[in-house]
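S.K.: Kindly generate the complete structure, drawing on both the sequences and the hints.
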Amino acid sequence: MILSQIGGEDEEAEDIRSLLETTGNFDSVGSGVIMESDGLIMTNQHVVRDAKRIRVCLADGRKFNVDEVVGDINSDIAILRIDANDLPAATVGSSDDLFVGDWVLAIGSPFTLQSSVSAGIVSGKDRWHALSKDVRGQFLQVDAAINPGNSGGPLVDLDGKLVGINTAISSRNGGFQGIGFSIPIRRAVWIMDELREHGRVRRGSAGIQISDVPYSVAESLELPRGVGAYVVRTTPGLPADAAGLKRGDIILSYDSMPIQSSSQVAEFVQRSIVGQPIAMKIRRGNKTLDLQITLRERP
Numbered sequence: 237m238i239l240s241q242i243g244g245e246d247e248e249a250e251d252i253r254s255l256l257e258t259t260g261n262f263d264s265v266g267s268g269v270i271m272e273s274d275g276l277i278m279t280n281q282h283v284v285r286d287a288k289r290i291r292v293c294l295a296d297g298r299k300f301n302v303d304e305v306v307g308d309i310n311s312d313i314a315i316l317r318i319d320a321n322d323l324p325a326a327t328v329g330s331s332d333d334l335f336v337g338d339w340v341l342a343i344g345s346p347f348t349l350q351s352s353v354s355a356g357i358v359s360g361k362d363r364w365h366a367l368s369k370d371v372r373g374q375f376l377q378v379d380a381a382i383n384p385g386n387s388g389g390p391l392v393d394l395d396g397k398l399v400g401i402n403t404a405i406s407s408r409n410g411g412f413q414g415i416g417f418s419i420p421i422r423r424a425v426w427i428m429d430e431l432r433e434h435g436r437v438r439r440g441s442a443g444i445q446i447s448d449v450p451y452s453v454a455e456s457l458e459l460p461r462g463v464g465a466y467v468v469r470t471t472p473g474l475p476a477d478a479a480g481l482k483r484g485d486i487i488l489s490y491d492s493m494p495i496q497s498s499s500q501v502a503e504f505v506q507r508s509i510v511g512q513p514i515a516m517k518i519r520r521g522n523k524t525l526d527l528q529i530t531l532r533e534r535p
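Residue numbers (this note's numbering): 237 to 535.
Source of the hints: derived by calculation from the structure; they are not laboratory data. Hints are supplied without guarantee of correctness; some may be wrong.
To be verified - Straight-line C-alpha distance at most 25 Å; calculated PhoX-like pairs for lysine-lysine:
no., residue 1, residue 2
1, Lys361, Lys397
2, Lys299, Lys288
3, Lys523, Lys482
4, Lys517, Lys482
Computed from a prediction, not measured in an experiment: that's the story for all the values here.
M.R.: Written as structure tokens, this is what we have:
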């Protein structure tokens, strides 16, 4: 498995590469990112899952065995650590600040071709996609070539800052056909921190189904485009229902953060502290109401 790293002498521009070799029932290849200079590496969970042996080989020829890997199957993020110091770590950027049409670079080792870079644009943001029965959510959609071996590698902006973790392609034949998916770095870093601190990902649950505000609803309420999230339904007895949310409500803010899309609410709920009351502002018809919701931990 091949692991690519970004960072370098000029802090952002130089790309550092490494090789991650996995021996299981069969050899596989993948990529990854050095997140901290003391050897913390992030990659995809599917890249290292079920591996019997993992070895990291840096571009300078040094090789490291990996004894411990912690991963989260639902996000397809895994972290591992090697016994090394003073490594060039990635500079984390902002996936939120990307616009459709922005240029990005995918770095990795497709087909074991180490240190390969492909260029493309952001084709879509908050793109809902089910990668497998376990992995689904909102992703960055890009048209930079992502091929077998790119999984777990970095997606960077033109300043060399990390904005995503490449994870999958949408293809009828297994090859790249212009549609690739990358985990937004904001979510990936949160998953990484949860895995490092708790060994698992603690997720909040509200018992709610939401969508972006339908155009007809926004027009009737004179809501600007890109404001709020629409409540489709709540599950009786679960936190959203207990808080008083109803079908047709529009969530305007969550924990004092303005809401612009349903994906924001979903991510905020997952990352919220379980058992702690959280303030919400909603629109119900022509009235604006203040509610509090106390989340449960998702099973």
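S.K.: Between Lys299 and Lys288, does the CA-CA distance stay at or below 25 Å?
M.R.: OK: Lys299 and Lys288 at ~17 Å, within 25 Å.
S.K.: Straight-line Cα separation of Lys523 and Lys482 no greater than 25 Å?
M.R.: Holds, at about 13 Å.
S.K.: Would the pair Lys517 and Lys482 pass a check requiring their Cα atoms to be no farther apart than 25 Å?
M.R.: holds, 13 Å
S.K.: Taking 25 Å as the top limit, are the C-alpha atoms of Lys361 and Lys397 close enough?
M.R.: holds, 17 Å
Violation of the numbered hints given earlier is absent; every hint is satisfied by the structure.
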